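Asks: Read top to bottom, the protein sequences are chains A, B and C. Under the numbering used here, the first residue of the first sequence is numbered -5, with each subsequent residue one higher. Under the numbering used here, the first residue of the second sequence is numbered 7, with each subsequent residue one higher. Under the numbering used here, the first residue of the third sequence is numbered 3, with each subsequent residue one higher.
In short, the hints are calculated from the structure, not lab data. Because the structure is a prediction, the values reported are computed rather than measured. Do not rely on the hints blindly, as some may be mistaken.
Only pairs whose alpha carbons sit at most 27 Å apart, straight line, appear in this in silico DSSO-like list of lysine-lysine [what the hints assert, rightly or not]:
id, chain 1, residue 1, chain 2, residue 2
1, A, Lys111, C, Lys152
2, A, Lys20, A, Lys71
3, A, Lys111, A, Lys77
4, A, Lys109, C, Lys204
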Amino acid sequence: MDMNERKIGDVILALDNISLSFGSMKVLNNISFDVKQGEIRSIIGPNGAGKSSMLNVINGFYHPQEGSITFRGEKRKEMDVHKAAASGIARTFQNIALFKGMSTLDNIMTGRNLKIKSNLFQQAIYWGKAQKEEIEHRYKVEEIIDFLEIQDIRKTPVGRLPYGFQKRVELGRALAAEPDILLLDEPMAGMNVEEKEDMSRFILDINDEFGTTIILIEHDMGVVMDLSDRVVVLDYGLQLADGPPDEVRSNQKVIDAYLGVSH
Amino acid sequence: MRIERDIIYIILAFIVLMVVVPWTAGQLSDQIFFNWPFFFEVAIGGLLSGVMYSLVALGFVLIFKASGVFNFSQGAIVLFSALTLVGLHELGLPMWLAMIATMGVMYLVAVAIEKFVLGKLVNQEHIILFMATIGIAYFLDGFGQILWGSDVKLLDLGISQAPGFYFDGLILINDFDLFAAVVAGVMVLSLAIFFQYTRIGRALRAVADDHQAALSVGIPLNHIWIIVWTVAGLVGLVAGIMWGSKMGVQFSLALIALKALPVLILGGFTSVPGAIIGGLIIGAGEKLAEVFLAPMIGGGIEEWFAYMLALAFLVFRPQGLFGEKIIERV
Amino acid sequence: MIYREAGVYKSTYRADQAILTIPQDRWFMTAIFAVAFLLIPAFSSEYWLGAIMLPFLILALAALGLNILTGYAGQLSLGTGGFMATGAFSAYKLATSFPDMHILLVIFGAGLIAAAVGILFGIPSLRIKGFYLAVATLASQFFLIWMFDKFGWFTNYSASGVISAPPMTIFGDIFVTGPQASLVAKYMFTLSVVVVLALVAKNLVRSNTGREWMAVRDMDIAAEIIGIPMLSTKLKAFAVSSFFCGVAGALWAFLYTGSVEPLAFDVNRSFQVLFMIIIGGLGSIMGAFLGSAFIILLPILLNNAPNLLGLNIRTDMVSHLEFMIFGALIIFFLIVEPHGLARLWQLAKEKLRLWPFPH
Chain A
-5 MDMNERKIGD VILALDNISL SFGSMKVLNN ISFDVKQGEI RSIIGPNGAG
45 KSSMLNVING FYHPQEGSIT FRGEKRKEMD VHKAAASGIA RTFQNIALFK
95 GMSTLDNIMT GRNLKIKSNL FQQAIYWGKA QKEEIEHRYK VEEIIDFLEI
145 QDIRKTPVGR LPYGFQKRVE LGRALAAEPD ILLLDEPMAG MNVEEKEDMS
195 RFILDINDEF GTTIILIEHD MGVVMDLSDR VVVLDYGLQL ADGPPDEVRS
245 NQKVIDAYLG VSH
Chain B
7 MRIERDIIYI ILAFIVLMVV VPWTAGQLSD QIFFNWPFFF EVAIGGLLSG
57 VMYSLVALGF VLIFKASGVF NFSQGAIVLF SALTLVGLHE LGLPMWLAMI
107 ATMGVMYLVA VAIEKFVLGK LVNQEHIILF MATIGIAYFL DGFGQILWGS
157 DVKLLDLGIS QAPGFYFDGL ILINDFDLFA AVVAGVMVLS LAIFFQYTRI
207 GRALRAVADD HQAALSVGIP LNHIWIIVWT VAGLVGLVAG IMWGSKMGVQ
257 FSLALIALKA LPVLILGGFT SVPGAIIGGL IIGAGEKLAE VFLAPMIGGG
307 IEEWFAYMLA LAFLVFRPQG LFGEKIIERV
Chain C
3 MIYREAGVYK STYRADQAIL TIPQDRWFMT AIFAVAFLLI PAFSSEYWLG
53 AIMLPFLILA LAALGLNILT GYAGQLSLGT GGFMATGAFS AYKLATSFPD
103 MHILLVIFGA GLIAAAVGIL FGIPSLRIKG FYLAVATLAS QFFLIWMFDK
153 FGWFTNYSAS GVISAPPMTI FGDIFVTGPQ ASLVAKYMFT LSVVVVLALV
203 AKNLVRSNTG REWMAVRDMD IAAEIIGIPM LSTKLKAFAV SSFFCGVAGA
253 LWAFLYTGSV EPLAFDVNRS FQVLFMIIIG GLGSIMGAFL GSAFIILLPI
303 LLNNAPNLLG LNIRTDMVSH LEFMIFGALI IFFLIVEPHG LARLWQLAKE
353 KLRLWPFPH
């Protein structure tokens, strides 16, 4: 993985001194790091370290009590969920958050909702503008279905899909929004080696072909070290380390708290 | 039991409104008569009828707390138990024996419900269970009336329904309503203790949280449900006796259940004290509004006032006064 | 075997997205339309047209409305009756205040007014969910019925309290309301309105709006995170749903009963329509029609069955029995097929794919 081959740009997202509490429980304690355009950034740490909460802060689901978020040059105290989605941040979830009553195709189509412009009346008539739009977006969604190799299951209700496929569909839904920043919360949890290889390939391809910036939470250290450009390590809400994989891997604090030493 | 400061403020605000609004209305309008003894009479009457609402609401809370099911048929249960009681009594059983026999019948009803309905719908979504209870309501309605007939029946407990003078002859209060309040109070206390401190109570709370998880730690789901529905049947019986004595045992008893819904909203679906306080607020609010506000609009606002009141509360506190706040995680 | 998808290749997305993709489905629908538009009006008795087809169609429309709100958008509502009443009384006021207004405009206008009221009572849904919302919709139900009952303005201060729908025509001189209207005219008018609105409903649910509704129903938090706006999505559901219910209410009063009274739209009506969509199938357009047919036909069946079987049961007994059987049926459906008749229908079609082969 040659970093020079990929175009990594300037800082697109910066988090400064973020602190987040729920009542008396401090979940994130003075976390600061930045993310560069086009890179693959990982957040690692033991369970309960606050990683998912960090992602939730980035896309506006949680509002931090302290600190600031600078996104595309604009500095603000917190993100708004809807604005985050509209400005190109998409994500997947630790516990799959698909719409169980809809098919794969429909789920991924929901990812296009911000790009669909026809109004209620046009959709009520359907023939004309609404149908044209549906077909346009269908083309796009089919590209994603091709990319993720899920053609067979496009009409299946997602509630009936095995876990690994559900994760793929969720990734598809995030991709459908054509995001600039993709937040992936443990995309490989519960997968076997083959499935992990597939998922890694997808992540790399997304970053390579579309230039999407990826922020990734993962527990599989092999995957993290292979894929990432830079890694942030959290533990109980505190920031332990921040840097390229090799640096982090040999950081003593990180070894003590999380990685351990190979015997 | 900790009470949040917010809740105290809300209740205080409400009490203030309940006094100020009728007084102002009395000043402003000729059609509305206001003096302090009259006000207290209406307020107390309202509070007492609120206690009766709470009795019905209690049955809902029990079942919801213990199984997560919103039991739409609670009203039908109230009616069915009262019908059975009166029916058995008319067949010749002395009242005390009839009561025991009715409790037995309600146990059988609970067993049947568990076997034919709940047991078959384990782990379905709550909305499906809710709709199943609507089915149970219709079934019990029809069944009860086939068994015992549909004319109005008298239920006489031997307690005077006539208003008596209290506070030096200044205020008229119904002896019976007072009796009902005491009964309800005793029920609430026993239920609260039951839930909080007994093993069965803990098991019930576990079941309400998660059926599957409760099963996997060995809690016998079907036994639990039978217990809960039997207790709800008992509560329903007590409510049925109270309401039935007041207005006769008849079909409209089941509609009282609809009135209990705003009580539940106010108090939160999972709280026993919430059912009581909610009932008091709804009962008093409704009566006061009917006497001191309605004449200005044309009367009859009792039909919807309770619901609007509950709605207003909900807008400020979506989980009701004492309900559990749902924290959503992603 | 006879009914199958094999051999049906769709080469465009347009074909794939069509409402009826399998040729056999298209034949079936054509047949249904032929029966509905040609055979039934030609050969049915007055009783069948007036007492069965009309309420079936109108309540199916109301069921469509409720299904959009509850089945697709996931907002449980017990206020259907109130919105139907709004439509009925709005139609009455429009027709009497503007006597020259065309009946289609009256009904459409009534629907719009009901939609506005629906939006108003839908606002709480932004804060309140689930059962709490259902009870909140009861507030709208009881309040609206009380309002129409109480204030004489809605009945044009009628002394007797009974107001009848004024006679109105289409195409110049064919009466569809009032004593001169023939049942065939009423039926055809109702059928046309319902078919058009059913098509509108189908279009809405297969487009982006429908997906937004279903997303809110299935997991509203995730929906919000991917950018679906809660406010407009939920209010759209209330608006469209109330529009449908309002039109249904106007049709009920003007074309079916001929009179406008609040009692026809009380809380029992709300429950009746809810049962229709439960039994018919939540989240299904066809389910609304199946459910309506079931609920309309069942009492007739129960009323006539004792006679057919030779039993003699008192009339009040019959109504109690109806309640019991009704309740039992709801429970039965929920156990056997919680997704209602529509799903049973789909399963039957899947079986037909193989028939007459065993596997």
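Asks: Next pair to validate is Lys20 (chain A) with Lys71 (chain A); report whether the Cα-Cα distance is within 27 Å.
Replies: 18 Å, holds
Asks: Please verify whether Lys111 (chain A) and Lys152 (chain C) have alpha carbons no more than 27 Å apart.
Replies: Roughly 44 Å separates the two Cα atoms, so the pair is violated.
Asks: Given the hinted pair Lys111 (chain A) and Lys77 (chain A), is their Cα-Cα distance within 27 Å?
Replies: 17 Å, holds
Asks: Would you check the hint for Lys109 (chain A) and Lys204 (chain C), treating anything up to 27 Å between C-alpha atoms as holding?
Replies: 22 Å, holds
Hint compliance for this structure: hint 1 is the single one not met.
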